[in-house]
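Engineer: Next come the chains, spelled out residue by residue.
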Amino acid sequence: MWLAQSNINPDNRLKSMNPFLTEKHREVRRSVRAFCEAELAPIAKDLDQEARFPWEVVEKMGALGYFGIQVPKDLGGAGMDSVSYVVAIEEISRVCGGMGLCVTVHNSVAVHPIMAFGTREQQEKWVPDLAAGKKIGAFCLTEPNAGSDASGIQAVSLLDGDHYVVNANKVFVTNGGVADTCLIFVRTDPEAGPRGISVIVAERGAPGFVVGDLEDLCGMRCNPVSSIRLNDCRIPAGNLLGREGMGLAIGLAGLDTGRIGIAAQALGIAQAALEEGIRYSKQRSQFRVPIAKHQSISNMIADMATQVDAARLMVYRAAALRDTGKPFSKESAMAKLFASETASTVTDMAVQIHGGYGYSKDYPVERYFRDARVTRIYEGTSEVHRTVIARSVLGKF
Amino acid sequence: MGIHIIVCIKSVVLDAPGGKIVRTPDTTTINPFDLSALEVALAARDELGGTITALSMGPETSSLSLYSALSMGVDRGVLLCDKTLAGADTLATSNALCAGIRLLEPYDLVLFGTRTADSDTGQVGPQTAVGLNLPLVTQARDIVFQENGLEVGAECDGFRQRFAVDLPCALTVAPEAAKARDASLGGIEDAFAGSIETWNLERLGLSPDQVGDAGSPTKIKGMTPASKGKQCDFITGSIEEQADKLLEKLVNAGLIQ
Ligand SMILES: Cc1cc2nc3c(=O)[nH]c(=O)nc-3n(C[C@H](O)[C@H](O)[C@H](O)COP(=O)(O)OP(=O)(O)OC[C@H]3O[C@@H](n4cnc5c(N)ncnc54)[C@H](O)[C@@H]3O)c2cc1C
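So the sequences go chain by chain: Z and S. In this text, residue positions in the first sequence follow the working numbering: the first is 746, and each later residue adds one. In this text, residue positions in the second sequence follow the working numbering: the first is 29, and each later residue adds one.
The following block holds chain S by itself, in its conformation from the complex (with noise of 0.2 Å):
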């Protein structure tokens, strides 16, 4: 039997040549927080034995980086693809991955990154747990499986949490967590010999008021590029004035404690 854990991963934009969004194979990739959640992933079920299900919401492209996901291990892979789907805010992305995670059961851990990187908002993760009623830690750091649940590490705030959790449960997976694999060259020959099955709407038993563009309550009204400002200071006096002044900085900027 084993465990069967559901790792929800993002195929995200690396580049945006001129503002633009085009999605290719060569201008997405996985998103580099979700790796440490495959890792996390792949390590209970080697430990443990049982399946791992990477699942992503996402045009076509996005099956690459489930295909990603196979190459470093993971058995089974699945992408809700529908034009329905497209344009949808995080609280519409967490519906089409609660309906998918639903189809997906019985499951005893559902992993996600703690943010990505081309959106930034650490929302999914979090609204999907609550759209399944699941318990939920966050910034998950280490995990520990035990006789009916887990124990999991989590550091926030500069203060270190330990939580007892319930089976099935969510958990974000904070990057420090693990280090992911390489991908073997074996390990690519087999995802690709495989395949990565795809659900629409109508598969997933939603109705496209749910989901997409219609079905998230946030619109975007613009987006430019931030400026990034440079402001430069020079401190000034003897080097171990200078020293001391560069130093109150940082740890007013909150840089180094």
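Only chain Z is shown next, with the shape it has when bound in the complex (with noise of 0.2 Å):
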């Protein structure tokens, strides 16, 4: 029996809640949420306190496109817009944080630079295996003495002949214990300050290619962030991305996607707190009432659904933006800052909403909370993306 009609349009973005959103991006949400609630919802506890990788889901979200998402068709990927991506890495990160910044980082950081900056040749060499899960990628600016401040990267990589000789020491490398395929930020000419910065792409199992213990971190656990480090380590001179001098270039170009994805990453994580906190608001009873009831908590119910709605407004848009070729770096900042900010407000609340039960691991919320605080700090910290956005507002004066 089917009585009511209604018009659907799969483009009709107006229909929608989400302006942003067609059908096709709910086909998306629906598809990976399904997903990963049949495979990594009843793991995510026990990657988180087993600190362990999940090869076998990785291997079937590589089948599934997740690792290409952007990737055109030619090479192996979905060949998808932003908005298909923030959807994706919303919901594999409302489910698993650890697993989100696994795709997301690879996805952004290390295969996008590769399709925007490397040659047909370069795209044909990494971007098949890596669009597909067999390969995974990583991006190594970080230095024990260059975070916010990436012009202050002391790695060098210098000719000889058709080979650079490498040494870098790069920290908190996201992907790092599985990484295939690492760009790999180098001081190209020692003495040309910013613009002797240049990336190159090192492969795992060359000699002198070193991946250092794991971190032991306080969220995202189940993503195996580690150094590696390149102790004379000869690499072709073809894996140079772009040219010489560019890396800073390089670097700001994938880190403006990249925080799309990272406050995707903070909007999923968010979206998870608020669905547990109204769960067990309604659940739990106390004065002979459920919990929802007292004004106080209600109210926070209130304030974490209009953060995580304003936030994934300001994502999808910075993903809209993208695809539609205008400029997005400000909306992208602002993005990732309001996003990340509210992951951490909003999982605290949602711990506070369980009281003592949240802050016990029988529940979901404080893994929530442990993984939204670092959304604050990578890619970005949220002082640095203020003085971003500050700058773009507040032009020359």
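Accuracy of the hints is not assured; some may be wrong.
To be verified - Derived, one-sided and incomplete: chain Z residues facing chain S with beta-carbon distance under 8 Å: (1) 773; (2) 809; (3) 823.
As the list claims (entries may be wrong) - With a cut-off of at most 20 Å between alpha-carbon atoms, the simulated SDA-like pairs for lysine to any residue come out as follows: (4) Z:818 to S:222; (5) Z:818 to S:101; (6) Z:805 to S:101; (7) Z:818 to S:103; (8) S:207 to Z:783; (9) Z:805 to S:208; (10) S:207 to Z:778; (11) S:207 to Z:782; (12) Z:818 to S:212; (13) Z:818 to S:218; (14) Z:1027 to Z:1101; (15) S:207 to Z:808; (16) Z:805 to S:67; (17) S:207 to Z:801; (18) Z:1027 to Z:1100; (19) S:207 to Z:779; (20) Z:879 to S:210.
Hints listed in this document are in silico derivations from the structure and should not be mistaken for laboratory results. All values derive from a computational prediction rather than experimental measurement. All C-beta atoms, glycine included, are put in the ideal place defined by N, C-alpha and C.
Hints in hand, dock the two standalone chains.
Structural biologist: Here it is, written out as structure tokens:
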């Protein structure tokens, strides 16, 4: 039996609750959510506790195109737009922040720079395996003495015949423990300051390529974040991405895109915390009523829902701008700042709503709380993001 | 060439808040009982080559279930959509599906789920097979393609049956037959780059009195939510006695064998 009529045009954005989403994006959400709830949700807690990287899920994600979301079809990707990408990252992160991190870093700061700055030959060499999830990508910028100030890196790479000899000590490399294809930021001209920075693609297994110990992290624990060292590592000159001296430009372009992914990740974690907060507040009774009937709790739920909604609109707007080829730097910075701060606030409120149980590993909100915290730190801290946004708002004066 | 499989799918309502059925993209989804039929079709096509057409009757929102099917790898989606089709009972639904399937000739196999999540009659598959004069096996669990037909295993009332069936034929596919694959992101991209064909009554060559409310001998007189009466029994005795009594109750209720 069916009675009501409604007009559905797969591209009718105005009819949907979110003006940036088409029916295709909703299908992406349905499909990624179903996959993550079936494959990741049952193990997310254990992955966190055991700090285990779920290869068995990664393999399936690879087959479904999660590791090449925006890679064109002819290179083995799914050929999707940025909005699809953020929806997928949001849904993965809603279930498991650490896997959201793996997928977003791989897609946006490892694969994307190769697509944007690599030659066709380089793309054909690296991208199909990356897009299929057969190889995992990493972005190696941070060093012990260079974090927010990327121009302070000390890694060097000197040409010797048709090879570069690379010496680098990179820390906090997301996916470091499992990555095969690593974008290494180095100085090819130690005299040239920021203009002497370049990006070289190093492959695991090259002599002198050493994966350091995994970080014992507060959250995102299933992601094997590690240091990576290159000791007199000889890398073919053909592995230079773009030209010598383009390193910072490549890094900034990667991070512009990467921020949208981190913002989507924060959004997914916040959404999970909101859902748990709502569920628990209806189910837990104190003073003979469900705690959601206490105004302090319902006010928290209202604030959480409002902030998550605002974050979602900002994240999707940044992605939609990118899809239409318009400048999106400021909007992606704002989305990253707001979504990550929202994730911290909302997960904190979710813990508060759960009372003592929220502080116990029996409930997932303490994991969300730990996972959310780092979204304010990596791919540019909140402080650095405020500087970027202020510069763009204030202009020159 | 390969085979041509038609899979009939329905877009079902997930939720009826306040007892009101509203069909929006968020309140409808592909009937979960149709997923195994889709998977059986996809696996057969992957092995033997050919094409799969997903066919659905419903309002425009139903096109989303067809897009879901395309995302999984179905080749073509056809929606039978017309104001006059609304309010159909199972017979009127079968009439429309028969007309749609005839327009999709030639075909080798027509697949259905065993039932739907929102009506649960199980009638549409068998009625459509009768309407098309096709041999039918219900509750199919395993399907083997042979030289000039199928060998189909089914399970019913605790018995396993095996049938040899000529093609073309119709099957209702049990949920146990196959676990549906996940749509890949590339599959979703391809699905939405294409489109769903929409056929109206004129295209089907039917008259308004054969379909929809007008063509439905069944009239629903009323619909109220069934009250979920819960009954609580206390089982007494020693632990062993309690376990025995519980076992007996469960066996008598047909819940375990
Ligand atoms: C889990 C995890 C994964 C990571 N993954 C990667 C990765 O894959 N690749 C990679 O290259 N890096 C990665 N990082 C590193 C991350 O990007 C850096 O930690 C981050 O950029 C901050 O650098 P820092 O830790 O050296 O802090 P610092 O730069 O030393 O900052 C310390 C404090 O000073 C503030 N500060 C610094 N400069 C300014 C300024 N100019 N104005 C105002 N405040 C300022 C910061 O906001 C911060 O509060 C990861 C980090 C973590 C924790």
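Engineer: All hints are to be evaluated individually against the structure, with a verdict given for each.
Structural biologist: Okay, the hints, checked on the actual structure:
1. Residue-level restraint check for residue 773 (chain Z) holds (minimum Cβ-Cβ distance to chain S is 6 Å; threshold 8 Å).
2. Nearest Cβ of chain S to the Cβ of residue 809 (chain Z): about 4 Å, under the 8 Å cut. The hint holds.
3. The interface hint given for residue 823 (chain Z) is met, as the beta carbon of that residue sits about 4 Å from the closest beta carbon of chain S, less than 8 Å.
4. For the suggested pair residue 818 (chain Z) and residue 222 (chain S), the alpha carbons sit about 15 Å apart, so the restraint of at most 20 Å is met.
5. With a CA separation close to 16 Å, the supplied pair residue 818 (chain Z) and residue 101 (chain S) stays within the 20 Å bound.
6. Our distance criterion of 20 Å between C-alpha atoms is met by residue 805 (chain Z) and residue 101 (chain S), whose separation comes to about 17 Å.
7. Proximity of residue 818 (chain Z) to residue 103 (chain S) is assessed by CA-CA distance (about 18 Å); at most 20 Å being required, the pair is judged to hold.
8. The straight-line distance between the Cα atoms of residue 207 (chain S) and residue 783 (chain Z) is roughly 12 Å, inside the 20 Å bound, and the hint therefore holds.
9. Our distance criterion of 20 Å between C-alpha atoms is met by residue 805 (chain Z) and residue 208 (chain S), whose separation comes to about 14 Å.
10. Distance hint between residue 207 (chain S) and residue 778 (chain Z) is fulfilled; the C-alpha atoms sit about 17 Å from each other, no more than 20 Å.
11. A threshold of 20 Å between alpha carbons decides the hint, and for residue 207 (chain S) with residue 782 (chain Z) the separation of about 16 Å falls inside it, so the pair holds.
12. Between residue 818 (chain Z) and residue 212 (chain S) the CA atoms are separated by roughly 12 Å; this keeps the pair inside 20 Å, and the hint holds.
13. About 10 Å separates the Cα atoms of residue 818 (chain Z) and residue 218 (chain S), which keeps this hinted pair within 20 Å; it holds.
14. Using a Cα cut-off of 20 Å, the hinted pair residue 1027 (chain Z) and residue 1101 (chain Z) holds, with the two alpha carbons roughly 16 Å apart.
15. Taken as a hint, the residue 207 (chain S) and residue 808 (chain Z) pair is honoured in the structure, with Cα atoms around 17 Å apart against an allowance of 20 Å.
16. For the hint linking residue 805 (chain Z) to residue 67 (chain S), the alpha-carbon distance of about 17 Å falls within 20 Å, and the restraint holds.
17. Between the alpha carbons of residue 207 (chain S) and residue 801 (chain Z) the distance comes to roughly 18 Å, so the proposed pair stays at or under 20 Å and holds.
18. Note on residue 1027 (chain Z) and residue 1100 (chain Z): the hinted pairing holds, with a Cα-Cα distance of about 14 Å set against a maximum of 20 Å.
19. At most 20 Å may separate the alpha-carbon atoms for a hinted pair to count; residue 207 (chain S) and residue 779 (chain Z) meet this at roughly 13 Å.
20. Proposed proximity of residue 879 (chain Z) and residue 210 (chain S) is supported: the alpha carbons are some 19 Å apart, at most 20 Å.
When the structure is compared with the earlier hints, no violation turns up for any of them.
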